[in-house]
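Quick mapping for you: the protein sequence lines, in order, are chains A and B. For the first sequence, position 197 matches number 197 in my numbering, and the numbering has no gaps at all. For the second sequence, position 205 matches number 877 in my numbering, and the numbering has no gaps at all.
Treat the hints as calculated values from the structure; they're not laboratory data. You may find that some hints are simply not true.
Calculated Cβ distances over 10 Å to all of chain B for the following chain A residues [what the hints assert, rightly or not]:
#1 66
#2 269
#3 270
#4 316
#5 433
#6 460
#7 465
#8 578
#9 632
#10 638
#11 640
Going by beta-carbon spacing under 7 Å, a handful of chain B positions derived as facing chain A [unchecked claim]:
#12 725
#13 728
#14 970
#15 985
#16 995
#17 998
#18 999
#19 1019
#20 1028
Computed spacing ranges between beta-carbons, pair by pair [stated by the list, open to error]:
#21 B:725 <-> A:201: 54 to 62 Å
#22 A:634 <-> B:725: 52 to 60 Å
#23 A:646 <-> B:768: 45 to 53 Å
#24 B:994 <-> A:371: 43 to 51 Å
#25 A:605 <-> B:977: 28 to 36 Å
C-beta atoms are modelled at their ideal positions from N, C-alpha and C, and glycine is treated no differently.
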Amino acid sequence: MIKTCRKSYISSIFLAAIAAPAISMQENNPAETSSNANIEKMVVTGTRTAKLLSDSPVSVEVIEGATIELLSQGTLASVLDFIPGVVITRSAKDGYNIQMQGFESKHVLILIDNLPVISPTGSSVDLDQISANDIAQIEVMKGAASVMYGSAALGGVINIITKKGASGNTSISYQISQYIDRDYEGEAPFSKTVKFNTSADLLGWVHKVNIQKISDAGFDYDISSVSEDAAELDKIFVNYSASKEINNLITQFKYQYFDEYKQRDASVVPGQSGIIFYSSDVTQHQFDLALSDPSLEQNWHTNARYINHQETSGQSNSIRDTSITLTEIDGQKVWQHGNVNPKNSGESGSETVFGWLLHQDQLDQIKPATNSVEINDESRNSIEAYGQHNFIYNNAQYLAGFRAQQDSDFGTHTAFRVSSMLDLGNNNTAIKWRAGLGQAYRVPVLKERFYVFDHSNLGYMVLGNEELTPETATSLNTSVSLRTSIFDHFADVSFEVSAHYSETQDLINTVHNAELSAETGLDISEYSNIDQTTISGFNVSSELTLDKWSWQVNYAYTDSEDDDNQRLQGRPRHQTKMSLNYQFEQPTINAILYAVYQADEAIPSSYDSAVVTDYTIVKFSVSHTLTQQLSLRYSINNLFDEHKDINAVNNNQFDPRPISSRELVFGVRYQF
Amino acid sequence: MNNIFKLSLLSLAIVLAGCDDDDKTIEEEIIDDPIEEVVQGEIFGPFTTGTSSEPSFAYFDLNTQSLVTLTDEEAATDTQWDIAFKRTGVYLNEAQDTPVSVYFTGNNADFYDENGDAVVNTFVEANPDDELEDYTAVTFADIPADENEFVPDVTERILDGFYNYDSTTHAVTAADDKYFIVQSDELFTKYRATSLTQDGYGMSAITLAVALQDNTTETFGDEVEVEVDLTSCVSGESVYIDLDTQSVVTSADAFDLTIPCLDAYADFAIDLVDDATAIQDFENSYAGIPVESASYYGFKSNEYSELAFAENKWYAYNLQGGHKLWSQYGVYIVKVDTQYFKVQITSYYDSEGTSGNYSLRADELVSE
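Using the sequences and the hints, build the whole thing.
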């Protein structure tokens, strides 16, 4: 990943405290230092304890905060595409979802500070509803991870670590952008983003306020047609946090308010003069309370999160009100034994992690127009406990973990995972071989169990199924990484080859219910445990880091098929990502050029053919710090204007490309 | 002063309003002219057919070009309504002396390509105003000379056809080559009538050969004959047959078929129990029914209607995703006794886009 740690916020209160022992280890490891790798990245996702990235027994990838700021001033939808092996897709609700290692979005667990977020569609997190503001780093762990993170982590975990503590600065940012290849009347519409960040130390508490307002003009390739291609939207994020440290006890309270409205015309009312439009009006409140003592003697934390999500969305002739709440409280204690940073042969230590979790979510959904109840205020509770032991030697680590979940509806579920890391290198070259074999599960969400989607007027219904059982997966991940300095520390070079293989069972999908259909004369589909899939693939990545330049290239191959040997849809078989990053001190410039190439996505059987089978999206972004106070940012998204052919649907052709066109972005930031 | 002014205005308004009424009366008298201008193509509706969870019929009288408010029970015998709508189905009145029937003019060929597939853009871009011309173009001259071109809705009984009737000798015999397959509780049974004893206008005995399907192999087994003696029949009662046990049972037992009794014999009829469905396999084509795909075989309940409009569906579905119904604006000619009406369904939605709301054009065709 791009090295931008000079001004990293990683040295925040919490992370710095829990990272202290690991950093001291890093300082004694010459193989991990070079001219540019001043501070190695710390990660917490792999083991739920802070470790140097190179010492994590579970492979973890990181996007650092500075890179995130360079990639996007908006939401995560524009950021996660940067991660090798990750595919970002646009949802029918004009949101963005993620695929990872061939798993669709409902099998990728998105966390913010180790705790889950709301999935508005019932199972998939909308990345466009997560702000990219105030993020310290994003950690990505691929493969089955239910042992440490519970339900839904079949394909892996994306953990968004927010910044802790305060810089004491106040800044305001303004960004303006415009889609180039769009059709419009009058003056060309602009999208705008305003951010305000401030923090202060008052009465011994560190207070922080972040406000972000985004107005996206949407776009339409053909204004003569009624349907618009992307929604016009307004969203606002307001974050407030207060934290205080007393005798190693860190108390933090966070509140986030999120409001979003988007609307786009969808079609005329057939045979009428009116227009059917899609709209979504979301209001969300999130409260977090965290207590932690990161000292070596105590090393525990507990977190509580409550999210209330109110949404009125749908086509204008089929609007539904949805109310979702999520409550979760977790706690974790870490014990360390012996020397957890062994440097010499014969030295060893170990680390034990034990955690618990209480979870409840609720879902209520009605259609006000007909007063029909689609989900009748259903809820699910679970209590979970996990434990993991990490054996640490100077040249090897072994990790074994176990989780048990007692669910109010599904009884007890367990998952195991074992991982290992062997250090095969020497003082000059670090070679790490990691392997992990783990289980994962996903408990059916309330929508899948209780949904009553009644479109009998149009001849069909979709029904939930209370008899569903959890989906399960077993996956094997392994990787070999090499990192060394060349030309007398002139440059760092790293290579990594990794492979993954997963077998999933009881995947939930909607299937035609012949008996009910025959009884009712309707086409009735029902959620069922039906699919079994096999997903496998490999990744090859390399990185070259010089003083001011870094270059990274990754190729990912993913193959996936169900038990009928049919390829799973929506998954490109080939993906190549390349990035080139340039940092210069005088003047201070940070620039990144990256490209995503995807090819050979399975064409859904409902289409006659595909418009294209491969495409490349190129993005370029540069930030320029003019003075200590003033900095500018320029970006071109989708440089070569690769986007969907708007006639493809009418011609019954599949087009895997993104909907958005080339976009020019200009931003300015002033720090007081 | 102000109040006096206001009162004056109010008084003036009342006086003028009164004058206006008088004027209207005069106008109406003047308008009541023997020369009637026939305006074709007015759109009636939208008429609701209920909601997804509670669908209902909208009964329409073509003569008065208006809805008729009826319960479903009343509608079953009512002769005023001609055409009715419920969900996507269009129904014709079978209770009239001459059942209402329909002929499709097929004047909408441009909505389909040479393969018969919907031309998406044509459907999506069509609107009632543009399609008015096609509607007005249909005249009395388009009424087919052959009355057989008009098709009524027909209510059929799925288990009919088990006997042969010789119209010359009036003899009734078992149609032992006509098979029926019954689906009940995921069990499939195939049967035929192998012998039948006629007794005047009824039958005194019938033998059914019944084969049960083994759902593991999804094939029917060997036939077992079930002999049904109807000589003990009492009018108003029925004889009950359980196909699963291949036996005659009582009303207290589980049963699949009933034979309605007359005195000492039974009518030439076999009925299917409400929770079962059946298909006719008169060509003896099916050696078994795949359980998973049974719904595609067209199993029907005891009585079912064959809707004439279903032969030429008035809509195309889900053309651009979103599960919408788009009218193909074809013009139908509906025959009501000696009258002919042209009908063009223009929309399945109200102005807000709520589905299940019909709008249509309907005008009588008269010779010029």
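How the hints compare with the structure:
1. 66: holds, 41 Å
2. 269: violated, 4 Å
3. 270: At about 5 Å from chain B, residue 270 of chain A fails to clear the 10 Å cut-off, so the statement is violated.
4. 316: It is violated; residue 316 of chain A is separated from chain B by about 6 Å at its closest Cβ, not greater than 10 Å.
5. 433: holds, 47 Å
6. 460: It is violated; residue 460 of chain A is separated from chain B by about 7 Å at its closest Cβ, not greater than 10 Å.
7. 465: holds, 17 Å
8. 578: holds, 34 Å
9. 632: holds, 42 Å
10. 638: At about 24 Å from chain B, residue 638 of chain A clears the 10 Å cut-off, so the statement holds.
11. 640: With a cut-off of 10 Å, residue 640 of chain A remains clear of chain B, as the shortest Cβ separation is near 28 Å.
12. 725: holds, 6 Å
13. 728: violated, 11 Å
14. 970: At 9 Å from the nearest chain A Cβ, residue 970 of chain B fails the 7 Å test, so the hint is violated.
15. 985: violated, 12 Å
16. 995: holds, 5 Å
17. 998: holds, 5 Å
18. 999: holds, 5 Å
19. 1019: holds, 3 Å
20. 1028: holds, 4 Å
21. B:725 <-> A:201: 54 to 62 Å: holds, 58 Å
22. A:634 <-> B:725: 52 to 60 Å: holds, 54 Å
23. A:646 <-> B:768: 45 to 53 Å: For residue 768 of chain B against residue 646 of chain A, whose Cβ atoms are near 51 Å apart, the range 45 to 53 Å holds.
24. B:994 <-> A:371: 43 to 51 Å: 23 Å Cβ-Cβ, so the 43 to 51 Å window is violated.
25. A:605 <-> B:977: 28 to 36 Å: holds, 34 Å
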